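> Make one complex out of these two single chains by using the hints.
Chains as they are written, first to last, in the numbering used here: chain U, 1 to 182; chain W, 1 to 251.
Derived by calculation from the structure, the hints in this document are not laboratory data.
Owing to the predicted nature of the structure, the values given are computational and were not obtained by experimental measurement.
Worth double-checking, as some hints may not be accurate.
[Unchecked claim] Chain W residues, not near chain U, derived (Cβ > 12 Å throughout):
1. S18
2. L46
3. R49
4. G50
5. D54
6. P93
7. G95
8. A96
9. V97
10. R121
11. G146
12. V168
[What the hints assert, rightly or not] Chain W side only, calculated, beta carbon under 8 Å to chain U, not exhaustive:
13. V131
14. T136
15. V145
[Unchecked claim] Sample of chain W residues lacking proximity to chain U, with all beta carbon distances greater than 10 Å (derived):
16. R92
17. W143
18. D186
In this text, a Cβ means the ideal position worked out from N, Cα and C, and glycines have one as well.
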Amino acid sequence: MSTNSKIAAVLASAGILAAGWSVGTANGATVAAATTTAGGTTTSQTVGTGTTGSATTTGTTSGTTTGTATTTTPATGTTTTTTGTTATTSYKDGTYTGTTAVHRYGSVTVTVTISGGKISAVTAAVVDDGDRKSQQINSSSLPTIKSRVIAANSAAVSTVSGATYTTKAYLTSLQAALSKAA
Amino acid sequence: MTPQHQPYVFTTMGTVVSLTTNDALPHEVAGAVEAAFAALDERFSLYRRGSEGDRVARRDLPLRQASDVYRATYDLAVAWREKSGGAFTPHRPDGAVDLSGVVKALGIEAAAAALMAAGMRGWCLNAGGDVLVDGTQPDGTPWVVGIVDPDDRTALWTQYETGTRPAVATSGIAERGDHVWRLAADDTFTQVTVAAADITTADVWATAILAGGPPTLELAQRCDDLDVLAVSSDGRVWASPVFLTPEPVAG
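Pulled out of the complex, with its shape left as it was, chain W reads as follows (with noise of 0.2 Å):
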C-alpha cells in the first residue's frame, strides 16, 4: 500500500485550494497547479483593482475591447445562462458582468489539465467546497466526497462516492450576495450538490438549480447526465438514488 501523501494546500481566489496526490507531488507540479489558478485569479477577480474583470465590472473596459480569453469566458458563461433557461447569469442585478460563476471551475480544469500534463494520475483537488478527482485512492478505493450539512455548515451530511462522476460542487445560500442570485419566484433550495463529468457542469448546474429551484432541477436532469442532492428550506429533500437509503430508517 502506497502511503497517502499529505494534501499540498494554498490560498487563490480568496479561497483554499487542497490538492491530495497519490504519488509524491513534484515542486514544479505544484508551482504549475498554482499558476494555473493564478492565472485566472489575475484577470478575473472583481477584488484586484485594475484586473480585466474589476474594469469590465467598473464598465471602465467595454466588453467588446477585453481579451479574447475574457470574451471568451464570457461567451462560456452566456451559453450556460441560455442552457440554465437563465437560472444562471455572469450578471449582477446592477448589470455589472461578473464571471465568478464560471471562473473557479474553470481554475481547477486548468490546474487538472497541468496535473494530467506532468502525468499525475490519482488525485483530489478540492478548490473552496469544489472537488475533481482523478482515479482512485492508493488502496484502489474510489475517492469519497463528504458533503456539508445544510442545517449545520460544520458538520458532514453525507458523502458522495465518485465513479463516473468525479466532478462535485455544492451551493448553498450563504452564497447569496456573492454570485448565486435567485429568480424572483423561487427560493425553495438552501444547498444543492452536482456530482457530473466536469467541474464545470457540476458547478454550474448546482449554481442554477439553488437559483432557480425545481424547475431548474428538471431542466439540468434533461441536459446532462448528474446526480443531485437539494435541500428545501422546508425540510423536503430531492435526492439521486446514490443519495439515498434503500428505505427509511427509524430514528
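Here chain U stands alone, though its shape is the one from the complex (with noise of 0.2 Å):
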C-alpha cells in the first residue's frame, strides 16, 4: 500500500512541522517558495484591535443560538424510546447510478461502485450547460503542482467536502446512489 505509507509519511512530517505553505508556479518548474511563517501554536494571540472583542461575542451568540435551536427538539422526542431502527447493514457490492441533479450551471450523474461493502469508486457524468461560469469550473487545465497534493484514497474516504451548489448536486446523485446499495 504505498498511498498509505505515503500518506502516513506526510501525516508524521506534518505533526513535527506544523504549519507553513508551499508556493508553486502552474509549470511546477519553481516550487515552494516559503511564506508564512504561520503557526498552530499562535492561536490565543490576537491581531490588531477589535479580534479580540469579536472572539468574546462569537462564543457569546454562538452559544445563545445553538441554544435556541436545541430547544425545538423536545417535540420530536415525544415518541417513545425505539433504538436500532436504522438498517446495520453495509453497502451491498455492485455499481449504482444515482439520479441525474441538475444544479445551475448544469447536470450531474453520480455512479458508485460498492466492492467490500466499502465505496470503491465514485464518477461522475456531468453536462455542462454552457454558461461562462460552467467553462470556468469543468475545463481547467490541471497545474502540475497539483501533483504535489496527496492522492484520495477513494476507498477510505468517509465523506466528501466541496463547494455547495455542485456539491449539492453532487451529493443529491451521490446519495442517490448509496441509497440504491444499500
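Pasting the structure below:
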C-alpha cells in the first residue's frame, strides 16, 4: 500500500513541522517559496484591535443560537424510545447510478461502485449548460503543482467536502446512488 | 468490528445532509438532528417568503426589531466580518442582510449538540459539503474527508484525515452569487478548504479566504489554528503540510 505509507509519512512530517506554506507555479518548474511563518500554536494571540472583542462576541452569540435551536428538539422526543431502527448493514457490492441532479451550471449523474461493502469508486457524468461559469469550473487545465498534493484514496474516504452549488447536485446524486446500494 | 451503519440522509437548507453514526441512530435522535437544521432554516431562509430572514432582507422588518436569535446571529456574522478584515460579510452587494454564510454552520453545530445530548459518539455529519465529525470510525481509524477537485468538481482530488480539527469546510467560485463576494482586488483563489476545531470557524474562513485572497489566508493563520488547502486560478496551490507529499512526485 504505497499510497497509505505516503499518507502516513506526510502525516508524520506534518506533526513535526506544524503549519507552513508551499507556493508553486502553474508549470511546476518553480516550487516552494515559503510565505507565512504561521503556526498552530499562536491561536490565542490576536492581531489588531477589535479581534479580541470579536472572538468574545462569537462565543456568546454562538452559544445563544445553539441553545435556542436545541429547545426545539423536545417536540420530536415525544415518541417512545425505539432504538436500532436504522439499517445496520454495510453497502451491498455492485455499481449504482444515482438520479441526475441539476445544478445552476448544468447537471451531474454520479455512479458509485461498492466492493467489500465500502465505496471503491465514484464517477460522475457532467452535462455542462454552456454557461461561462461552467466552462470555468469544468474545463480548467490541471496545474502540475497539484501533483504535490496527496491523492485521495477513495476506498478510505468517509465523506466529501466541496463547494455548495455543484456539491449539492453531486451529493444529491451520490446519496441516491448510495441508497440504492443499501 | 461494529458494522458501519448506513448514512441517515435528508434535505434541508436547500442542500443534502448525510449523517453516518457508529451506533444505530434512534428515531428520536434523527428527529432532533433534523429539527436542529429545520429551526434555523425556517427562521433564516431567504427562499421562504415571510421568514424572518426574508423579511429583513426585503427591509420589511427592521433589523433592530428582529428576534434576539436573529440579531445574535447577525452579531456573530458582523464579528466575523471584523475578524476577517471585511472578507466575510453578512451583506449582499445590494446591502441586503444575508446570513447564509453562518447559518449552515450553526445548523451543523445545533445538530452536533443534539447528537451529543443524546449520548451519540462516533459520527460523521456532512451538510452540503461542510463536514463535522466526532471520534473515529468503528474500527478506530480517523474519519477521512475527501476533497473535491477544483478542476473537475465531480472527482475527488485529495483527502483530509480528521484528528484535532474535526471540522472541514470548502468554498469555491461556484458559490459566487450565493454568499461569497470577492473583495474588489482579489480573485486569486478558486477553491479553499479549511479544517478547524469547530465548523463555524472552518466555514467562515473558507468563505473569507476565497473572497479575500492570500492576505486573508495569512490573517486566518494568525487568528486561528487551521489546516488550509487553497488553489488559484493560475494553478498554484497553497497547502498546509498535511496535504502534501514529502517531496515532489513525478507524473
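> Tell me, which hint numbers fail for this structure?
Violated hints: 1, 11, 12, 14, 17; rest satisfied.
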